[in-house]
Amino acid sequence: MTTKNLALSGLFIAIMLILGYFEKLLSLGLGYGIKLGLSNCVLLLCLYWFGIGPSLMLMVAKVLLTSILFGGMNPITLSLSLAGGILSMIGMILLVFVVKDISPVTAGVVGGVLHNVGQVLVAVYVHDIFVPQAYTATLVLVGAAMGGITGGIVVRLKHFLPYERRKQFGFAK
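In our numbering, the protein residues as written are 1 to 173.
None of these hints come from the bench; they were simulated from the model. The structure displayed is predicted, hence computed values, not measured ones. Be aware that one or more of the hints could be misleading.
Claimed, not checked - In silico DSS-like cross-links for lysine-lysine, where the CA-CA straight-line distance does not exceed 27 Å:
(1) Lys158 / Lys35
(2) Lys35 / Lys24
(3) Lys158 / Lys100
(4) Lys4 / Lys158
(5) Lys167 / Lys100
(6) Lys167 / Lys4
What the hints assert, rightly or not - Here are the in silico distance ranges between beta carbons for each label pair:
(7) Pro132 / Lys24: 17 to 27 Å
(8) Leu157 / Val99: 19 to 29 Å
(9) Lys100 / Val131: 25 to 35 Å
(10) Ala144 / Val124: 18 to 28 Å
Glycine is no exception: its CB is placed at the ideal position from the N, C-alpha and C atoms.
Whenever a hint applies, use it, and build me the whole structure from the sequences.
Here it is as structure tokens:
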């Protein structure tokens, strides 16, 4: 990783933390754990910008730092966030780099849904927390909606990607 990309990674982590803090202050009142996922816009943009390895590291850094700064290192919250982040990244990586020619909106929707699915799976099977099926369905729908918003924001920001990356993903004009 070049010095420039390392500096950009630090900037992107800072932006993700600021957006995460803003989301913590902004309660949607829709239920426990439901939020916009604004920091995931930055993460999806990083996936297009840096590729798989650095983006996975940024996701882990975001989860750990968010937990330290805003969550008091609660092991349940940390494991839920990590599971959601990992499953979400796997889905987005498969779409962006294996399937290809996928819109950031589609990647965002899949990422949002898989994030919530990962959290529910860990809640149920690791922590033995009962999650009603109706709430799981709600989380999937909300994940799709918020992921669509996340992907839509990335569509608006994709012109900031380096030209080579825009060309690689078919964003160059």
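Hint check:
no., hint, result
1, Lys158 / Lys35, "holds, 23 Å"
2, Lys35 / Lys24, "holds, 8 Å"
3, Lys158 / Lys100, "holds, 16 Å"
4, Lys4 / Lys158, "holds, 19 Å"
5, Lys167 / Lys100, "holds, 13 Å"
6, Lys167 / Lys4, "holds, 20 Å"
7, Pro132 / Lys24: 17 to 27 Å, "holds, 25 Å"
8, Leu157 / Val99: 19 to 29 Å, "holds, 21 Å"
9, Lys100 / Val131: 25 to 35 Å, "holds, 34 Å"
10, Ala144 / Val124: 18 to 28 Å, "holds, 20 Å"
Of the hints listed earlier, there is not a single one the structure fails to meet.
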